[in-house]
Amino acid sequence: MASLSHKYIMAAAGVFLMLFLVSHLATNLLLLAGDGGKSFDNAVEFLLTNPAVKIMEYVLFAGFIIHIIIGLIIEVHNRKSRPVSYHVSVKSDTSAFSKFMIHSGVIIFIFLLVHLYHFFFVKLGLVEPYGGAQSAHDFYPMVVETFKNPVYSIGYIISFLFLGFHLKHAFQSAFQSFGLNHDKYMPAIKFVGTVYALIIALGFSIIPLYFMLIY
Amino acid sequence: MNLKLKIWRQKNAAQKGKFETYSLQEVSPEMSFLQMLDYLNDQLIAKGDEPVHFDHDCREGICGSCGLYINGRPHGPLRNTTTCELHMREFKEGSTIVIEPWRSKSFPVIKDLVVDRTAFDKIIQAGGFVNTNTGVAQDANTTPINKIVSDRAFDAAVCVGCGACVAACKNSSAMLFVAAKVSQMAMLPQGKVEAADRVEKMVHEMDEQGFGFCSNTYGCEFDCPKGISVEFIAQMNREFFSARVCKQNHS
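Residue numbers (our numbering), protein chains in the order written: chain A, 3 to 217; chain B, 104 to 354.
Pulled out of the complex, with its shape left as it was, chain B reads as follows (with noise of 0.2 Å):
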């Protein structure tokens, strides 16, 4: 295949970026995006240039560190699937793929199309956890739990982080992350116990970290490579409601 690609360039934060234009030729159809991106890169080192820097390193879907906006949608055009998991038989032959950063003011740009996404890891820090002993591995085992339940609680807990949510939503509000991430442990009896807590101290924090108010267009859930349901923001909306309602809830 040979491909044009409008990559955004941009040598640090503090400078301005702009779009550059690349031909590249003989790209297989079985490279994945990610490749396709070495094999440019491959090409700029040989001929002295600044290779284009982005963020990958599990490369099978499940870190969260890939994540480009291509062509006008978050890891690119097909759904339920992160970056490193899109190949390039997905592009038409001669197209054009524009790829840019993640647009937030809540994710800088530190290089080219790699963002900082420290602001998630403020929103985890300020609650996403349980201090409670949950006991050794085999102990989870000896709680019982409503499959359905923990099954719903896992279709949440596959969020793997990695901000599309954040790139595709008009607002660049992070409620489906934010939402994902409360409502695992909010249904699961280890962080049940502080899940009143949890809402209201990740929700200041993700307010804190200046991301948009949610509109419920569900643009997130359109884009999320994990599929998460926007049932999950809905579910988070009525924890929140209830911390602040019912106060003595409250650790």
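Only chain A is shown next, with the shape it has when bound in the complex (with noise of 0.2 Å):
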């Protein structure tokens, strides 16, 4: 496969997991309408029995898949398209964020399984609910019980801080990687990229701050 294929994959599966964050962070923020979790309740009933919401969620896990092994891909190549490596480090004015998205991509997938162990596996019953929680979808308990626990909150804001990182680049880089570059809107697509991932990183790191400081 061409180079520039590997472009397109990357790009096109973290647009559509792009788009996901924000659906995920749409369910999630209604943890906050201090309703005892009615809401949510509500939100995570439509999310499954809906068949369209199923069939998306292999779409999500081929998206996550493509998406990882891709960007392993990527970066074992261009490894070794450099075997001797410089004395000096190159100093070119770079943006930090793009130069770390193999490192802040390994946090979020470190993340992700500690996320799926804690919900996606108690879905499958594969792991026991806990919390008080009445079924293995009750999902509200189980929630709370994980976001009271400060090791777990601090390092869920910690990957969210890390994920914002990530999107920083990944927003621009996106658009870049399809062609559309242009030197009058490149600035606007920036611009929204840093407001898209600051809303990612500090929509989802409130919740947890919420149920560890106010609930």
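It is possible that part of the hints are untrue.
[Stated by the list, open to error] Only pairs whose alpha carbons sit at most 16 Å apart, straight line, appear in this in silico EDC-like list of lysine to aspartate or glutamate:
| hint | chain 1 | residue 1 | chain 2 | residue 2 |
| --- | --- | --- | --- | --- |
| 1 | A | Lys-82 | B | Glu-123 |
| 2 | B | Lys-195 | B | Asp-152 |
| 3 | B | Lys-107 | B | Glu-196 |
| 4 | B | Lys-119 | B | Glu-129 |
| 5 | A | Lys-192 | B | Glu-311 |
| 6 | A | Lys-93 | B | Glu-311 |
| 7 | B | Lys-107 | B | Glu-129 |
| 8 | B | Lys-214 | B | Asp-152 |
| 9 | A | Lys-82 | B | Glu-311 |
| 10 | B | Lys-273 | A | Glu-77 |
| 11 | A | Lys-186 | B | Glu-334 |
| 12 | A | Lys-101 | B | Asp-152 |
| 13 | B | Lys-214 | B | Glu-123 |
| 14 | A | Lys-125 | A | Asp-43 |
| 15 | B | Lys-114 | B | Glu-163 |
| 16 | B | Lys-273 | A | Asp-95 |
Read the hints as simulated data drawn from the structure, not as lab findings. The model shown is predicted, which means the values in this text are computed figures rather than measured ones.
Using the supplied hints, reconstruct the complex from the two chains, each of which is provided in its own coordinate frame.
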């Protein structure tokens, strides 16, 4: 497969995952409604019973797997492309976020595994429901239980900080990979990307803060 | 000026190299970087030592032969400047200057600071030309081309093929070079005819030569001595995408 095809697939999977993050954040913010989890439960009920969501769940897994595998292929290939490294490392002015995509990616992947263990595996019946949950689909008590654990919550916030760094580069990078770079529009795209990264990182982070400090 | 130079010395492609340190006195701030190296070499030759090998030709920033990785920057600290047009006044008295060759699997070191850039020639041979008959010199003036388009094509055509983009890229990707060559011809009527075929062949050859994949860090643009924009990489991404999707464009 051509180097450029890797870029298109990486970008397409990335854009899909970025859209997923928006819908996930919208659902999670319902946790802050202060109604004992009623709105959140309704949203969970909708997601669990809607057949379209069921299909999208497989697409989502495919999106993650493709993004991770292509990312690893690119990383391995790129490391091999410079077998002898420089004595003085490159001082070119590039965004720090762009240079550490694999590192932030690995942190997000570790978070993802923990996240799957806490919620997805419960849904599958591989992990027993906890936190006083009535069933494997009663997520609200489980959310409260996990977020009240400061170790998990701080780890969660750190992960989303790195996700923010990842997205800061990713957003504009996807446009560039599809050839959508224009001197008139690129500053706006970069700005929107920064705002998007901030919304995702902060939006997800306020939820554990709420459960740790206010709830 | 008195300087300390830390220079990569390597006898040939097969042998391992190492850094050698040289002290150089009375360097004029008005010397170009290459003149400074000539000055060092004169002293090495007088002592019966092997001079430091480095590539150079025109020494006026247009041939793309020179290219040294100086203190962590391809072509040194000054932007939009080739090594030959860099002057010693850009460096501080008494400072240490580390000089390395371009580092990339696709640019193997031949000797000291000289690297083999045949990989770039192979990419050009794969499609970086026009096969259509463009007539004699004055015919060029009879082909109407929008001024904006011709200016933009020229912005890409200023690429001298020095390889600084590969040297600067953390992935040693050749995207900026290939993008400049692809875009320059894709924009002009003479080159448009074969645009789809060209981009596929040149990208294929770029991959064959083992260059890294672009991850849009834009270090290439920052260190390109000709100031070529990464917008041309975006243009190549578009050209390649449409070439792959619209197969009927193939000749």
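Evaluation of the provided hints:
1. Lys-82/A <-> Glu-123/B: violated (27 Å)
2. Lys-195/B <-> Asp-152/B: Violated, at roughly 27 Å.
3. Lys-107/B <-> Glu-196/B: Holds: Lys-107/B and Glu-196/B sit about 10 Å apart, inside 16 Å.
4. Lys-119/B <-> Glu-129/B: Distance ~32 Å between Lys-119/B and Glu-129/B Cα, so the pair is violated.
5. Lys-192/A <-> Glu-311/B: Violated, because 33 Å separates the two Cα atoms, which is more than 16 Å.
6. Lys-93/A <-> Glu-311/B: violated (28 Å)
7. Lys-107/B <-> Glu-129/B: holds (12 Å)
8. Lys-214/B <-> Asp-152/B: holds (15 Å)
9. Lys-82/A <-> Glu-311/B: holds (14 Å)
10. Lys-273/B <-> Glu-77/A: Holds - the C-alpha atoms of Glu-77/A and Lys-273/B are around 11 Å apart, at most 16 Å.
11. Lys-186/A <-> Glu-334/B: Status holds; Cα separation ~11 Å.
12. Lys-101/A <-> Asp-152/B: Violated - the C-alpha atoms of Asp-152/B and Lys-101/A are around 41 Å apart, more than 16 Å.
13. Lys-214/B <-> Glu-123/B: holds (14 Å)
14. Lys-125/A <-> Asp-43/A: Holds: Lys-125/A and Asp-43/A sit about 14 Å apart, inside 16 Å.
15. Lys-114/B <-> Glu-163/B: With a Cα-Cα distance of about 28 Å, the restraint between Lys-114/B and Glu-163/B is violated, given a limit of 16 Å.
16. Lys-273/B <-> Asp-95/A: holds (12 Å)
When each numbered hint is compared with the structure, violations occur for hints 1, 2, 4, 5, 6, 12 and 15.
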